[in-house]
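S.K.: The lines below spell out each chain.
2 protein chains.
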Amino acid sequence: MTKDAAPNYSDLILAARNIRQFIHPTPLFHSSILDESVGARILLKAETLQRTGSFKFRGAFNKMRHLKAKKNHTEIVSWSSGNHAQAVAAAANILGQHATIIMPTDAPKAKIDGTQRYGSEIIFYNRENEVREKIGESVAKERDAIIVPPYDDPDVIAGQGTVGLEIASQALARDIIPDIALVPCGGGGLVAGCAIALQTQFPSIRVHPVEPENFDDTTRSLVSKKRMKNSPGHQSICDSLLAPTPGSLTFKINAERLSDGVVVTEEQVLNAMRFAFRHFKLVVEPGGAIALAALLANKPSYRNKNVVVLLSGGNVDSDIFGHALGS
Amino acid sequence: MTKDAAPNYSDLILAARNIRQFIHPTPLFHSSILDESVGARILLKAETLQRTGSFKFRGAFNKMRHLKAKKNHTEIVSWSSGNHAQAVAAAANILGQHATIIMPTDAPKAKIDGTQRYGSEIIFYNRENEVREKIGESVAKERDAIIVPPYDDPDVIAGQGTVGLEIASQALARDIIPDIALVPCGGGGLVAGCAIALQTQFPSIRVHPVEPENFDDTTRSLVSKKRMKNSPGHQSICDSLLAPTPGSLTFKINAERLSDGVVVTEEQVLNAMRFAFRHFKLVVEPGGAIALAALLANKPSYRNKNVVVLLSGGNVDSDIFGHALGS
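Order-wise, the sequence lines are chains W and G.
All residue numbers for the first sequence refer to the numbering used here, where the first residue is 1 and numbers rise by one.
All residue numbers for the second sequence refer to the numbering used here, where the first residue is 1 and numbers rise by one.
Mixed in with the good hints there might be a few duds.
Where chains are identical, the list cannot tell them apart; a pair therefore holds if satisfied intra-copy or between any two copies.
[To be verified] Below are the SDA-like pairs computed for lysine to any residue, each with C-alpha atoms no more than 20 Å apart in a straight line:
#1 Lys109 / Arg278
#2 Lys70 / Ala5
#3 Lys109 / Ile33
#4 Lys109 / Asn271
#5 Lys229 / Glu213
#6 Lys109 / Leu325
The set of hints was computed from the structure by calculation and includes no laboratory data.
Next comes chain W alone, as it looks inside the complex (with noise of 0.2 Å):
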């Protein structure tokens, strides 16, 4: 694929096929007492359950075994604020690559543990005041290395497609014809493959990406229909969807491809994180709680609906567990 070219569902199927062995297929599950609560019928999917713990092994897997394969690229360089990097740390380790990742020296501990545990190496950046494309650039530059960046790319974004390729099926399987899906969006990678994949297999669904309040540029590029920045100086739980703006590619699919996004508080964040952990046994990091939040915050919005809800990733420290538990 060549770099601005928007993936399409063949390329998913092919993503699919290239990580088919590596990757945990996750369980598509339901729970009575959430479709009780709703009045319909949710289908949650567990990439809390993929290897590293987020969907994000996906994408980047797909991509550098792709490096590996045709050009042997061993030297990788790469941006994450945790997820991303552990994925990009995974895949190095299991493709005999060596990765250089930067990441923002307030990640949650568990990610930069999981990053080191693979054997890649760490540059923090301080994300009030610099900019972690630059440096990563600059890195790639001086080592000779290939850079995996984190959504906007199509052999990423069709890595995390084969998301929705695999909600689809376990759906069908199950002869349910889902109305909506709501997904996580950061810089939009996940949302956009998902939606490839979701709507040429259920043509009428609605996709909608989920946001937290103060980084819902994708929400507010959608209505106004070019890429909004979010305002500096915020700050949010949901450290795994921070990014200042929608990707060049990944807005140009979702601009196309989803329904309006939805904003969630932090306290509907930490509910959702309460709520899988109650009913569903699952650790669901904020980020990756987001779309669960969305549900719960507007249960007359999904009444009578099949709804898919994805859990993307469950990479929490344990403080910020307690601190959901408790409040």
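Please arrange chain G on chain W, whose structure you already have, making use of the hints.
M.R.: Just chain G now, kept in the frame of chain W:
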């Protein structure tokens, strides 16, 4: 089946057919970090993700569906520290039965709430000075109800054995022959059922019950070859594994089939819960984490083996879970 006859492999197959449409098939997964840390191939069975949050739904539903089908029994009495209670309550709800359940006053709130949510009636008793079986039998007589015991029953054991059937087919699908299975043990129903399933498929597998310290009745009974009692007055964080003595029928099966018991400390259980949080993103209750605790506490014993580790339940109050994360 007659009340005192041990179920055989065919009974487990029938149980699997009887419950198939009502249970969640649960994942058998592995973790590279755990495999490397032990130097073994570990297969983790996540019954935490079963309906009602533990394996108990399998046995309760198997028996109660038979009761409904054969004689249209609709009045049920049971006793349980909590997981079997929720299972009976959920099964009664599905089957249109009315259940009365004898629970200890100190049962976890999550388990009491879960039981009440499904519409069952709870009668509380004091674990220290009352005998739940006696209360249950007297209530059953009053109400002309059928007793669904938590473990000492062939239909219940056959239902729990379907966990073992699933493990066997999932392991075979990956071309793995397990050498060892570590299974949490309270009254012994789960480990009895799993031993029947696993030893039929893998004749040389060793199945070990795992128990908390001071509640090691099955471990001691396997040595003395007769049913031993736990001495009174002890507490354990493993609320689901506090049966005072092995069941009569379960011990008949277990005495023939099980290898040595493994006994673990409270610290080891808390450590296992933390490990599952961090690396599997799963919420596992203390008693549910005990087989993982045995593995982590005795790594050299399992080196180079294929080891099944059963995570049996995830119904834990947030304060206990927070304690495990912080400890």
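S.K.: For every hint, state whether the structure bears it out.
M.R.: Evaluated hints:
no., hint, in the structure
1, Lys109 / Arg278, "between (24 Å within a copy, 11 Å between copies)"
2, Lys70 / Ala5, "within (18 Å within a copy, 63 Å between copies)"
3, Lys109 / Ile33, "between (33 Å within a copy, 17 Å between copies)"
4, Lys109 / Asn271, "between (22 Å within a copy, 18 Å between copies)"
5, Lys229 / Glu213, "within (13 Å within a copy, 57 Å between copies)"
6, Lys109 / Leu325, "both (19 Å within a copy, 14 Å between copies)"
Checked against the numbered hints given earlier, the structure satisfies every one of them.
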